[in-house]
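Chemist: For reference, the chains in residue letters:
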Amino acid sequence: MTTIFNRRQALAVGAGAAGAVVFGASSRVALAKNDHAEVIQKFTGGKTPVEGRVKLDMPEIAENGNTVPMTVMVESPMTAQSHVTDVLVVADGNPRSPVVTFHFSPASGVAEANTRIRLVATQNIIAVAKMNDGSFYSTKKEVKVTIGGCGG
Amino acid sequence: MISRRELLQVAAATAAVLPVGFRHVLAQQRLTQAELLRFDAVGNVTLIHVADIHAQLKPVLFREPSINLGVGEVRGLVPHVTGRAFLDLYKIAPGSAAAYALTSEDFTALAKTYGRIGGLDRIATTVKAIRAERGERTLLLDSGDTWQNSYTSLVTKGQDMVDCMALLKPDAMTGHWEFTLGAKRVKELVDNLGFAFLAQNIRDTEWDEPAFEAMKMFERGGVKIAVIGQALPYTAIANPRWMIPTWSFGIRENDLRANVEKARKAGAELVVLLSHNGFDVDRKLAARVPGIDVILAGHTHDALPQAVKVGKTLLIASGSHGKFVSRLDLDVRGGEVKDFRYKLIPMFADAIAPDPEMAAKIASIRAPHEKMLGEVIGRTETLLYRRGNFNGTLDDVICDALLAERDSEIALSPGFRWGNSLLPGQDIVREDIYNATALTYPAAYRMTMTGARLKEIVEDVADNIFHPDPYYQQGGDMVRVGGVGYTIDIGKPIGQRISGMTLLRTGRPIEAGKEYTVSGWASVNEGTEGPPIWDVVMRHIEKKRVVAPKDAGHIRVLGA
Chain A
3 MTTIFNRRQA LAVGAGAAGA VVFGASSRVA LAKNDHAEVI QKFTGGKTPV EGRVKLDMPE
63 IAENGNTVPM TVMVESPMTA QSHVTDVLVV ADGNPRSPVV TFHFSPASGV AEANTRIRLV
123 ATQNIIAVAK MNDGSFYSTK KEVKVTIGGC GG
Chain B
36 MISRRELLQV AAATAAVLPV GFRHVLAQQR LTQAELLRFD AVGNVTLIHV ADIHAQLKPV
96 LFREPSINLG VGEVRGLVPH VTGRAFLDLY KIAPGSAAAY ALTSEDFTAL AKTYGRIGGL
156 DRIATTVKAI RAERGERTLL LDSGDTWQNS YTSLVTKGQD MVDCMALLKP DAMTGHWEFT
216 LGAKRVKELV DNLGFAFLAQ NIRDTEWDEP AFEAMKMFER GGVKIAVIGQ ALPYTAIANP
276 RWMIPTWSFG IRENDLRANV EKARKAGAEL VVLLSHNGFD VDRKLAARVP GIDVILAGHT
336 HDALPQAVKV GKTLLIASGS HGKFVSRLDL DVRGGEVKDF RYKLIPMFAD AIAPDPEMAA
396 KIASIRAPHE KMLGEVIGRT ETLLYRRGNF NGTLDDVICD ALLAERDSEI ALSPGFRWGN
456 SLLPGQDIVR EDIYNATALT YPAAYRMTMT GARLKEIVED VADNIFHPDP YYQQGGDMVR
516 VGGVGYTIDI GKPIGQRISG MTLLRTGRPI EAGKEYTVSG WASVNEGTEG PPIWDVVMRH
576 IEKKRVVAPK DAGHIRVLGA
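So the sequences go chain by chain: A and B. The first sequence begins at 3 in our numbering and counts up by one. The second sequence begins at 36 in our numbering and counts up by one.
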């Protein structure tokens with residue numbers, strides 16, 4: 003099942019789940035040092051996530067950096083024995099790196115969520131999944147936010 | 036692979052004057068319609084393909100690129116092979132008709148020998164001949180960029196092309212520049228088209244629902260054929276998004292995978308992707324999405340005389356500006372292509388007879404404008420062309436016009452791949468300028484910009500062409516620059532490719548914090564102000580009377 007949230011629903015879901023939804027700040031904010039590495043470290047408790055099992059479906063080039071569609075999926079049977087508990091998404095070029103954290107349980111059926119995010123410039127989006135056995139998996143996707151206008 | 040030295044040699048060769056009598060030494064074989072259309076038929080299906088006509092109803096002079104650099108995995112692969120290397124690769128004799136149609140080699144001399152290529156009336160003759168031979172085995176498919184970029188297509192909002200193409204009775208098309216007519220007009224034309232406008236990769240921005248039909252099933256020669264459409268994934272970035280605010284594009288590889296599976300489940304024995312992705316994107320996609328038998332490519336204007344095979348998928352690149360019609364015969368049995376034969380047929384206008392019905396239609400469309408379009412406004416002493424990764428001489432004229440008429444220090448001109456060529460000594464008529472500039476957002480703006488911003492723009496465009504992953508490429512050429520020079524290392528990442536930016540007027544380096552006056556055209560931003568670019572260019576040429584741009588050498592290329 004693919005869940006398509008609009009922005010308001012996404013906020014509501016995030017707030018209901020854990021209040022962990024953070025959208026990118028205004029592009030006018032001076033670019034402070036992005037702390038995505040620290041945010042991931044904190045999420046994994048210092049473990050290095052294994053690459054794989056997580057998929058990020060996003061456009062390679064954003065049509066509008068203010069609202070970029072994002073779907074994150076994790077391969078998992080989603081049973082009581084083996085399931086995804088949390089998925090952290092960070093942006094390595096936004097003024098604030100945390101984008102969203104999704105929470106799952108075996109009752110979720112599938113570990114998949116869909117929302118729209120804001121990107122201030124071309125950067126990598128990194129998704130890290132936490133499994134119930136304490137292991138972590140991740141993936142990375144470059145999304146370009148271009149000035150545009152010269153194709154033809 | 037083209038080394039830097041070869042690049043420079045190519046540049047020198049195009050600038051050099053050919054020795055007197057050279058062209059007479061070149062092959063002068065007589066071309067005939069029968070010879071051009073000759074084809075030993077094979078199998079039970081014939082796909083006829085056209086792409087990127089760019090509203091050129093009449094035959095054109097169009098010089099293929101001398102510089103078309105590939106990066107990453109496609110470095111040195113077609114279509115990133117040009118000039119003499121292209122002739123060697125395909126074993127084409129220098130000076131032959133094929134050499135003239137397919138490369139930039141000896142273009143000026145060969146143009147005088149072989150004349151113009153194209154014309155929708157010649158295309159009509161060819162399509163009718165193939166249909167007469169192959170009957171109900173044929174499908175005619177158009178990869179788009181059909182409805183815009185001439186004077187008559189601009190003033191009729193694409194109606195001229197829609198009416199002419201209706202005579203050809205295509206089975207399906209997809210699009211890109213079509214969308215610059217705006218959402219309302221596109222819908223109006225598509226609803227009355229009489230054939231399918233397919234685009235599996237456009238969704239509405241509100242509900243994320245498909246905005247166009249994704250696919251159409253046909254039965255030809257007893258074979259069930261699924262044609263899936265793919266519009267330019269970056270239309271809403273490369274062209275004004277405000278004209279199509281509720282449509283969202285993208286490659287949408289997962290949707291395509293699902294559509295191919297759907298087609299196979301519905302019994303398709305042959306799956307065709309009618310694409311406006313651009314060749315490198317199609318090459319990558321063919322390796323990643325299983326089950327596509329044929330990709331009919333478009334967008335990047337490549338003309339390849341042989342099919343390119345990626346796994347089991349055949350890629351067909353049919354050129355641009357109406358210069359070619361592709362014929363692909365397929366033997367489809369048991370849901371597989373067992374055999375194929377392919378010919379990229381050049382539309383030599385002096386050899387192929389115009390179809391009378393189409394010729395009459397074209398004449399009636401052009402009649403009210405013919406006199407104005409034919410008015411001579413000046414003359415060129417050198418070859419004018421646009422195609423190529425960096426500045427073309429035609430763009431140099433446009434940039435000079437912007438610098439002079441808009442009183443600016445720096446001029447920017449978009450790296451469009453459409454726009455015809457003019458030979459040394461040729462009169463410049465109004466239509467030549469419209470063919471290089473006719474679009475729905477023509478304002479020639481003038482603004483101030485910091486050196487930092489200027490570099491950011493050039494870097495941004497460079498990344499859209501030279502990103503090593505084709506899925507991040509938009510498919511145009513580099514933004515053309517006037518008044519400023521730079522060095523580009525195409526192998527570097529974004530932000531590090533451009534160096535040594537220099538203001539040519541003073542010879543001084545561009546300073547990051549300094550403001551410069553910059554003019555340009557075809558801004559994708561809504562509300563851009565300024566006179567239409569064609570007025571700017573015509574006024575400039577009328578004042579100068581004679582233009583003679585040579586490759587100014589203001590762009591140095593490294594890492595090729």
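Hints may be right or wrong, so weigh each one.
As the list claims (entries may be wrong) - Once the Cα atoms are required to be at most 25 Å apart in a straight line, the calculated PhoX-like pairs of lysine-lysine come out as:
(1) B:K396 - B:K259
(2) B:K490 - B:K222
(3) B:K204 - B:K93
(4) A:K35 - B:K204
(5) B:K347 - B:K300
(6) B:K192 - B:K300
(7) B:K163 - B:K204
(8) B:K192 - B:K396
(9) B:K300 - A:K143
(10) A:K57 - B:K219
(11) B:K490 - A:K35
(12) A:K35 - A:K143
(13) A:K142 - B:K378
(14) B:K259 - B:K222
(15) B:K378 - B:K163
It should be emphasised that the hints constitute simulated quantities derived from the structure, not laboratory data.
Chemist: When you check the alpha-carbon spacing of B:K490 and B:K222, does it fall within 25 Å?
Modeler: violated (38 Å)
Chemist: Within a Cα-Cα threshold of 25 Å, do B:K347 and B:K300 meet the stated pairing?
Modeler: holds (19 Å)
Chemist: Could you grab the alpha-carbon distance between B:K300 and A:K143 and see if it respects the 25 Å cut-off?
Modeler: This hinted pair is violated, its Cα atoms lying about 32 Å apart.
Chemist: B:K204 and B:K93: Cα distance at most 25 Å?
Modeler: holds (19 Å)
Chemist: Within a Cα-Cα threshold of 25 Å, do B:K259 and B:K222 meet the stated pairing?
Modeler: violated (28 Å)
Chemist: Would the hint linking B:K163 and B:K204 be met if the CA-CA limit is 25 Å?
Modeler: Holds, at roughly 10 Å.
Chemist: B:K378 and B:K163 were given as a pair; does the straight-line alpha-carbon distance stay at or below 25 Å?
Modeler: Roughly 16 Å separates the two Cα atoms, so the pair holds.
Chemist: Is the straight-line distance between the alpha-carbon of A:K57 and that of B:K219 25 Å or less?
Modeler: Roughly 36 Å separates the two Cα atoms, so the pair is violated.
Chemist: A:K142 and B:K378 were given as a pair; does the straight-line alpha-carbon distance stay at or below 25 Å?
Modeler: violated (42 Å)
Chemist: Holds or violated: A:K35 and A:K143, Cα atoms, limit 25 Å.
Modeler: holds (20 Å)
Chemist: So if I understand the rule, the pair passes when the alpha-carbon distance is 25 Å or less; does B:K192 with B:K300 pass?
Modeler: violated (39 Å)
Chemist: Taking 25 Å as the top limit, are the C-alpha atoms of A:K35 and B:K204 close enough?
Modeler: This hinted pair is violated, its Cα atoms lying about 59 Å apart.
Hint compliance for this structure: hints 1, 2, 4, 6, 9, 10, 13 and 14 are not met, and every other hint is.
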